[in-house]
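K.L.:
Sequence:
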Amino acid sequence: ADEGDPGAFMDRAVIEGDPFRLVEGLAIAAYAIGANKAYVYIRAEYPLAIKRLKEAIGKSIEYGLLGQNILDSGFDLQIIIKMGAGAFVCGEETALIHSIEGKRGMPRPRPPFPTDSGLFNKPTVINNVETLANVPAIVYNGSEWFRSIGTEKSKGTKVFALSGKISRTGLVEVAMGTSLREIIEKVGGGIPNGKKYKAVQIGGPSGGCIPEQHLDIEIDYESLQLVGAMMGSGGLVVMDEDTCMVDVAKFFMDFIQRESCGKCIPCREGTRRMLEIMKRITRGRRNESGAEALERFKGIMYLNRLAEVIKDTSLCGLGKTAPNPVLSTLRWFREEYETHIFERKCPAGVCTELLTYEIDAEKCIGCTLCAKNCPSDAIMGKLKTPHYIIPDKCIGCGQCFEVCRFNAVTKK
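One gets the working numbering by counting positions in the sequence shown from 1 and adding 82 to each.
Hints may be right or wrong, so weigh each one.
Stated by the list, open to error - Straight-line distance between alpha carbons at most 30 Å, and here's what the computed DSBU-like set of lysine-lysine pairs gives:
id: 1; residue 1: 445; residue 2: 475
id: 2; residue 1: 402; residue 2: 237
id: 3; residue 1: 494; residue 2: 454
id: 4; residue 1: 454; residue 2: 466
Said to hold, decoys possible - If you anchor each label on the Cβ, the simulated ranges turn out as follows:
id: 5; residue 1: 444; residue 2: 361; range: 35 to 41 Å
id: 6; residue 1: 153; residue 2: 350; range: 48 to 54 Å
id: 7; residue 1: 383; residue 2: 494; range: 25 to 31 Å
id: 8; residue 1: 394; residue 2: 154; range: 50 to 56 Å
id: 9; residue 1: 438; residue 2: 379; range: 18 to 24 Å
id: 10; residue 1: 354; residue 2: 167; range: 20 to 26 Å
id: 11; residue 1: 477; residue 2: 336; range: 16 to 22 Å
In case anyone wonders, no lab produced these hints; they're calculated from the structure.
Glycine included, C-beta positions come from ideal geometry on N, C-alpha and C.
Build out the structure end to end from the sequences listed, making use of the hints.
P.N.:
See the structure below:
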């Protein structure tokens with residue numbers, strides 16, 4: 083229950099809403115494999131979930147459903163809550179094990195696998211909250227009931243955290259095989275304000291962006307891999323026409339780079355270099371030297387090379403999937419990268435350093451509001467006379483555009 087993805091809160095909702103479902107699923111799973119201890123690794127930032135889970139465990143012990151000799155079966159089970167700091171890398175199973183053991187949350191090479199030598203060097207099975215919460219219903223209704231939902235290879239349902247440019251946000255549970263279009267339009271209510279759909283980012287920071295031409299794709303593990311995405315934890319971020327895909331990729335690369343544990347060089351240094359290239363692509367031409375311009379032109383080529391090296395040589399799943407946001411946006415939105423690099427423009431108008439601002443002399447009344455708010459003193463003009471912007475001094479912050487009451491400032 084340690085969800086490190088931005089905007090993901092599926093496990094927290096399950097524990098807050100029905101903690102007994104998790105406790106029952108844990109007990110059944112532990113009985114099946116003969117385990118006497120179960121750990122719930124949960125973020126310390128989930129105080130309500132922790133409180134309710136503790137209460138559920140206490141009640142279960144009180145009624146003889148946990149603890150010693152459960153229901154006179156001779157089976158013992160202790161559930162222990164371990165609070166984590168919310169590190170994204172602890173989603174990797176060996177890093178999670180290290181964290182529970184009181185060590186730094188860093189992955190280790192495999193083999194040995196956790197099922198052979200895991201927590202405290204004992205065989206360990208690791209599952210997420212959603213999986214365990216499904217166990218009681220499957221036991222009660224039978225496996226055929228569960229297998230009747232979903233596709234041939236991906237059975238059951240999946241909970242997604244629907245967010246972004248969508249009319250109805252929140253948690254949604256759909257059968258495997260449901261199309262993206264059905265989730266966005268029928269469940270989520272479509273894109274608000276009449277905007278056009280552009281992409282959906284699925285699978286968390288290490289997932290991929292799916293463009294409009296694949297909106298009818300069925301959500302299952304195999305289909306998502308074909309378009310460069312993955313199921314991941316279940317984050318689903320919808321983007322409209324006002325979204326810059328280069329900026330989206332930069333945002334997720336920044337997140338992944340900061341969350342890297344730093345153990346292996348490909349992930350630690352590779353993600354840092356990729357983020358530097360992304361920043362260079364979205365940086366304005368002001369004070370740019372010839373060498374820097376050349377590096378910017380090489381950006382796409384370097385990104386592809388770096389991404390392949392990181393995927394092939396990183397130690398854990400975080401590193402191997404770290405380049406996905408860049409690779410998927412390069413694959414489906416390459417023209418946006420080229421526009422940023424060669425034309426020095428952001429089609430969506432999001433990358434502020436690539437925007438240029440001008441003052442329409444016919445609309446400007448010389449109120450001086452823009453000049454007073456300009457942090458770089460790039461706006462000149464006298465009171466009650468039209469003002470103008472000095473391009474070499476403008477940093478593209480957009481303050482003048484925001485404060486102008488007469489629509490005299492335009493951005494391009």
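K.L.:
Taking the hints in turn, state whether each one holds.
P.N.:
Against the structure, the hints:
Between residue 445 and residue 475, the direct Cα distance comes to roughly 22 Å. Compliance with the 30 Å bound is thereby established for this hinted pair. The hinted pair formed by residue 402 and residue 237 meets the criterion: a straight-line CA distance of about 26 Å does not exceed 30 Å. Among the hinted pairs, residue 494 with residue 454 is consistent with the structure: their alpha-carbon atoms are about 22 Å apart, no more than 30 Å. For a cut-off of 30 Å, the pair hint linking residue 454 to residue 466 stands: about 14 Å separates their Cα positions.
At about 37 Å, the beta-carbon gap between residue 444 and residue 361 stays in the expected band of 35 to 41 Å. For residue 153 and residue 350, the Cβ-Cβ distance of about 50 Å falls inside the hinted range of 48 to 54 Å, so the restraint holds. The beta-carbon spacing between residue 383 and residue 494, approximately 28 Å, falls within the hinted interval of 25 to 31 Å. Between residue 394 and residue 154 the beta carbons are some 54 Å apart, a value that agrees with the proposed interval 50 to 56 Å.
Taken as a hint, the range 18 to 24 Å holds for the pair residue 438 and residue 379, whose Cβ atoms sit roughly 20 Å apart. The given range of 20 to 26 Å is respected by residue 354 and residue 167, whose C-beta atoms sit roughly 22 Å from each other. Between residue 477 and residue 336 the beta carbons are some 20 Å apart, a value that agrees with the proposed interval 16 to 22 Å.
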